[in-house]
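Generate the whole structure from the sequences, applying the supplied hints.
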Amino acid sequence: MPALRPASLMWPVPTRRPHQKAPGGGGRQTPRVAKQNSGTISSKATPATISKTPQSPLATPSPLHPTNPTPSAQPTPSDDSRSLLTRSSATHTVTFADEYQHTSSTQNVNEGSRAARPADPTRDGYLFDGWFTGDIAYDFSQPVTKDITLQAHWTDKKGSWNLSPWHGPSKGGNELQLRPPTPRGLKFTQISTGDRHTLAIGSDGNTYGWGSNDYGQLGDGTLQDHYTPQLITFPQSAHIIQVSAGMRNSLALDDQGHIWAWGRNDSGQLGLGDRTRRTTPTMLDASTGTHYEQVCTREQHSMALDSDGNAWAWGAGLYGRLGIGDTTNSYSPVKVLKPDNVPSSFKFTQISVTYYRSLALGNDGNAYAWGDARWGQIGNGGSYGSYNKPVKVSKPADVDASTFSYTQISAGYVHSLALGSNGEVYAWGVNDNAALGDPSHPVNNNSEADGPHAYVAIPSKVVHPAGAPSSFRFTQINAGYKYSLAIGNDGEVYGWGSDADRQLGVDESKKPSGGYNWNTPFQAMHPANVVEPFTYQAISSFGNTTLAIGSDGYAYGWGRNDFGNLGNTNNRTPSTQVMQASRVIFPESANLIRALFDGASVSYSAMQTDQQGNYWSLKPPAHATGWVKVVISWSMNGPQTDATLSYKYDGADHAVNFAKGCTDCTVSGMPAQQSVTDGNQASRPYPDPSRDGFLFDGWFLEDAKGDSNVAYDFSQRVTSGIGLVAHWSPVDTRWSISPSQGNVLGGQQVTITPPDHSRGIRFNQVSAGGEQDSVIGFSVGVASDGNAYAWGNNQYGQLGQDPSKTSAQKTPTRIPLPDLPDKEAASFTYTKIAAGGAHTLAIGSNGILYSWGRNDHGQLGDNTTADRYKPQPVPDPNNTSQPFKALQISAGAYDSAAIDDQGRVYTWGCEHNSYSSYGTAKLVPTLAKDPNGSSQGLHAVQVSVKWSFILALDEDGNVYAWGYNTNGQLGNGTATGDGNADYANDPKPVQDPRDASKTFKATQISVGSRHALAIGEEDGSLYTWGKVNDTNYTRPTNDPGNTGKTIKVTCISAGTWHSLAIDQDSTTWGWGWNQYGQTGNGNTNSQETPTKVTGPNNTGQGFKAVCVSAAHNHSLAIGQDGNAYAWGKNDYNQLGNTSIPTTGNSPTPIQTIFDPTPLNITSVKFDKTAVDHLVQNSDGSVTLTTPAHNPGLADVIVDWTLGGISQTQAHLTYTYEGVLPLTGGNGTMILLLAAGLLAAAGAAAAGRHRRESHSLHA
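Using full-length UniProt numbering, read the sequence shown as starting at 1 and increasing by one per residue.
Keep in mind the hints are simulated off the structure, nothing from the lab.
Errors might be hidden in some of the hints.
To be verified - No farther apart than 25 Å at their CA atoms in a straight line, the calculated lysine to any residue pairs in the SDA-like style are these: (1) LYS629 - GLN902; (2) LYS1001 - ASP1019; (3) LYS629 - LEU618; (4) LYS805 - ILE1153; (5) LYS629 - LEU592; (6) LYS1168 - GLY1192; (7) LYS1001 - VAL941; (8) LYS810 - THR1143; (9) LYS1168 - GLY742; (10) LYS988 - GLY933; (11) LYS146 - ASN108; (12) LYS660 - GLY706; (13) LYS510 - MET579; (14) LYS335 - HIS258; (15) LYS885 - ASN162; (16) LYS171 - GLY599; (17) LYS810 - SER1163; (18) LYS998 - LYS1048; (19) LYS171 - ASP678; (20) LYS171 - GLY721; (21) LYS146 - GLN256; (22) LYS338 - ASP308; (23) LYS1048 - ASP703; (24) LYS810 - ASP1155; (25) LYS392 - ALA457; (26) LYS510 - PHE534; (27) LYS1048 - ASP1019; (28) LYS705 - GLY721; (29) LYS1092 - GLY1082; (30) LYS929 - SER881; (31) LYS1048 - GLU955.
From a predicted model like this one, the values you see are computed outputs, not experimental measurements.
Here is the structure:
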């Protein structure tokens, strides 16, 4: 029978259904359980810190150091069970805390009852590993005896399968690296060892098995042995809380009180009504309504304990081991008789079975036994025959019988152990190989089962380990095959009896002279290389194999390993025993089984390792262009669900040519031609080319006419060959001062004019933002110089400037670069930018995604809600130590979206229904699920967000939507209605309007508040759906008004309540809400149908543009002339034109004033005399009043900045002339004297160094 396909270790199993509330919390009361000892070991409930100083067994009860010490590692369910003599009315609080998400919930649980495992929590970007106390995974089969706080543990989800690179040529043959998931932080909560196999429950709630599988006892549907833990899949999503491994058969108990069985069944020990083996878990008949609490199996029979304290047994009845009054076999559960002379309130609280007999504890504190009694195994002083019903085990001779009680039991091969309320271990039965732990007893080494035997018929105390302090006590017991194990209150494991297969774990150098029989308890060794202090929390041993859980939470094994029972290797060791504890391999590393590219199998290398971890090298086969599925078959602790990845076969390469933009000129550093694969992006060359006497303005796209007016947007996908032309601005270094001479008394008005610094830099993209409740309009763009610019409102730092210092910018102002090393900063440019409600996203030339601005809903993606005004890299959700790399972005009112460098869609922040109704915030980028079912998420080429929903467009043109659907904006044929809070978490296809069974295909998408726009793939028509003109369209339509007219478009942008589009003739259209003129039609009347946007200056011509962006109250565009334009509301100068007051609006496009390198004269000195006041003129010149000065030439020193950066001072020359106030008579004499003085001054001046007056190297 083929193996069932189990759930993946890396990906969560289906969400657990919530359990019934525990007592005190309402609902059905959870069963009361005694501390169990069924051969199953439990990780216990409390932290793993154990003092090396022995503790009194009478200490405050705890699941780790219980007053009724922990169970043995054998027949009954969990080794941590408790015998309860009286029913306590105490109630305890179990707190489920998640310190990472700052959440918690509680359960009120009655003393001795179990906590119910809640539904697994979720955390974006992480997988849930289970509930822990410290490093120890909590065992939900254990009784609660005190208040407990359990912490959620998580594994970063960076461990999904990864194929790199994710695209390549259609001819195939290129080398790829396939990297597996990282193992999760899972640990075992309990373990049960059988004769040749082992069962365990993981902290993830799943069941695992390993070892021999000759009867299907590993439950995987095969008979194949496994040497490491393998996942066991249960039908009906049963949630297992306890397991018991027998002699090639297995039992499990689920949280609903049902028993599951599989494996060997020749004596009916599975309880399924027949003797047919099972290779997968099969549920016992549940029609009786019996709710079971514990299960235990060993060789040919099994037992269970129900919630009413009744014991049930099934299987072989030889020697009366079923306890039903005879020796009849039973293939289904039958009730065990109660002991004689017990009150009606009597209940069994713990069970343990072995080869030919059974043990149980009662709520009266007594132990009971039945079955084979030939050699004192019953412990009542007799040594003959058998008992077919429970009889009382005698109490030790040296205790006060009125106060003494048994708290744990464990049945071995032909001996038994019990733990007393005094913390002492008692043994009885055959003393094979000194298994009774008292050197005063005669030892039997006869290997024959039928005797003769040396035995003890009444429980006898096991001696303490040599050198143990007086306070030493035992806390847990385990009777094995002619040997015994126990844990002391010092946290150490002790063993005695046979050590033939090193199952005691004792240092071989200390072996006794008599061989491998230890007649007193000896301490087992610690695992090699563990961090001390180290203690053991629980043990389980049978068939000469021992498993234990350490204080670090890991499982360790030693002893016999001929069937891989220890789970510590990929091979069994048939002739070698393991003496020192070695760790069970769990979780193990992923193993690649097969890789299929669109169904074609490929070969791969052996697993290799580098600094990033494990990987396999493989080469894809040749294939047609486009996306294909890559199916990965793999295993990790058992076969896993196939992983489905996506791989893109690239199309043809396109040439991107670069022209120098001038004739008969010399340009240095011209870039070489680029060959760009279809659909990919060209790279902006670095460094920029240079030309003497000119400044480089950027690369501009050459059109069909040979013109190059529009700056090229390097974020665009290349789909054909293109030519890019360099644009240049001449360098002007001429300064002037006018007039250049004046009176020595000063007081004259002069104007200093700087060089012409105008540049041909233009925007290659613009984005309009401001869509939050306060509608704080702002604008951003990327220019041909590679810099990003912003203007408008800066309340939250969305312009990239400190809002405490700059509340707004009237015109485009350069956004600072991210913090980068100098070498990286020199080559850094912005390639893509998007304005949201009050935050900004951008992609740098390094591929890294940056964010800044408002962050109240996590829209910056940095796992906080703190606002930031400096561009900060968004962390990669799959490896938070690295930045997120993106190809495309979209910023909404409170949400963000991006396509990463592997083409996968991520979203974060939150969508919302209204200004006061928000969805659940995601503080980090979260992968959108693949609608086609792969584990790699949705692959797309475009994503769009705005308010209430998200759209994505994949490589094949399919449109997907998710989010709120109040007005049909998801395009699935339905609408939930205004105010409805239902949220679709995962992408689903938008339905084709002509055939709802098909997916709508488009070439471009854009999201508004509750409506969507798209360009249809088939004919280029404009489609819309959602809320349009107060009507809900639940599927795309290209004629919402049923006018019979459609419009074919090349560019679209959906604003909050208005929309823009550019038709195939480059004419811009606007429609929708128009209170501030944001549709651009020259008035403020709203338009229900597309209306031409009026050309600049109301020329009566339509506005020709190459791209548009619509926000809430304003719109942006880049015209065919390459200039940026804006229209609509201007309350924060978001239009970028100071000719429009902030109290005004512009219903028609006006040019955004763009001076990328503004020149400012900051101060002027005439020699050493500073000018007090400068009047700044609109052309950059300044007018000033000259100061008084001696006659002659003055050095005019000008301080100035360019683009905010201080430049070398400019030096001009100003001539001061003398004053002649009188003429005639004395005036003549004065004139002559003045002339002489002037001549002398001129001669002196001629000897002075002259400075060039009308030029300055800028």
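Hints, one by one, checked against the model:
Proximity of LYS629 to GLN902 is assessed by CA-CA distance (about 14 Å); at most 25 Å being required, the pair is judged to hold. Of the pairs offered as hints, the one joining LYS1001 and ASP1019 holds, with about 11 Å between alpha carbons and a cut-off of 25 Å not exceeded. Between LYS629 and LEU618, the direct Cα distance comes to roughly 15 Å. Compliance with the 25 Å bound is thereby established for this hinted pair. A hinted pair counts as satisfied when its Cα atoms are at most 25 Å apart, and LYS805 with ILE1153 qualifies at roughly 23 Å.
Restraint check for LYS629 and LEU592: satisfied, since their Cα atoms lie roughly 17 Å apart, inside the 25 Å limit. Proximity of LYS1168 to GLY1192 is assessed by CA-CA distance (about 15 Å); at most 25 Å being required, the pair is judged to hold. With a C-alpha separation of about 13 Å, the suggested pair LYS1001 and VAL941 falls inside the 25 Å cut-off, and the hint holds. Our distance criterion of 25 Å between C-alpha atoms is met by LYS810 and THR1143, whose separation comes to about 13 Å.
Pair hint LYS1168 plus GLY742 holds up; C-alpha atoms about 17 Å apart against a cutoff of 25 Å. Proposed proximity of LYS988 and GLY933 is supported: the alpha carbons are some 11 Å apart, at most 25 Å. Between LYS146 and ASN108, the direct Cα distance comes to roughly 11 Å. Compliance with the 25 Å bound is thereby established for this hinted pair. Proposed proximity of LYS660 and GLY706 is supported: the alpha carbons are some 14 Å apart, at most 25 Å.
For the hint linking LYS510 to MET579, the alpha-carbon distance of about 12 Å falls within 25 Å, and the restraint holds. A C-alpha spacing of about 16 Å is found between LYS335 and HIS258, which places the hinted pair at or below 25 Å, so the restraint holds. Between LYS885 and ASN162 the alpha-carbon distance is near 15 Å, which keeps this suggested pair within the 25 Å criterion. With a C-alpha separation of about 17 Å, the suggested pairing of LYS171 with GLY599 holds against the 25 Å cut-off.
In summary, the hint linking LYS810 to SER1163 is supported, as the alpha carbons are separated by about 23 Å, within the 25 Å threshold. Only pairs whose Cα atoms come within 25 Å are accepted, and LYS998 paired with LYS1048 is accepted, the gap being roughly 22 Å. The straight-line distance between the Cα atoms of LYS171 and ASP678 is roughly 15 Å, inside the 25 Å bound, and the hint therefore holds. Proposed proximity of LYS171 and GLY721 is supported: the alpha carbons are some 21 Å apart, at most 25 Å.
Our distance criterion of 25 Å between C-alpha atoms is met by LYS146 and GLN256, whose separation comes to about 24 Å. Straight-line distance between C-alpha atoms of LYS338 and ASP308 comes to about 13 Å, which keeps the hinted pair within the 25 Å bound. Between the alpha carbons of LYS1048 and ASP703 the distance comes to roughly 21 Å, so the proposed pair stays at or under 25 Å and holds. For a cut-off of 25 Å, the pair hint linking LYS810 to ASP1155 stands: about 12 Å separates their Cα positions.
With a C-alpha separation of about 13 Å, the suggested pair LYS392 and ALA457 falls inside the 25 Å cut-off, and the hint holds. Restraint check for LYS510 and PHE534: the C-alpha separation of about 21 Å stays at or below 25 Å, so the hint holds. As the CA atoms of LYS1048 and ASP1019 are separated by approximately 7 Å, the hinted pair is consistent with the 25 Å bound. Distance restraint check for LYS705 and GLY721: the Cα-Cα separation of roughly 15 Å lies within the 25 Å cut-off, and the hinted pair is therefore satisfied.
Between LYS1092 and GLY1082, the direct Cα distance comes to roughly 10 Å. Compliance with the 25 Å bound is thereby established for this hinted pair. Annotation: proposed proximity of LYS929 to SER881 holds, straight-line Cα distance about 24 Å (limit 25 Å). Between the alpha carbons of LYS1048 and GLU955 the distance comes to roughly 21 Å, so the proposed pair stays at or under 25 Å and holds.
Violated hints: none; the structure is consistent with every hint.
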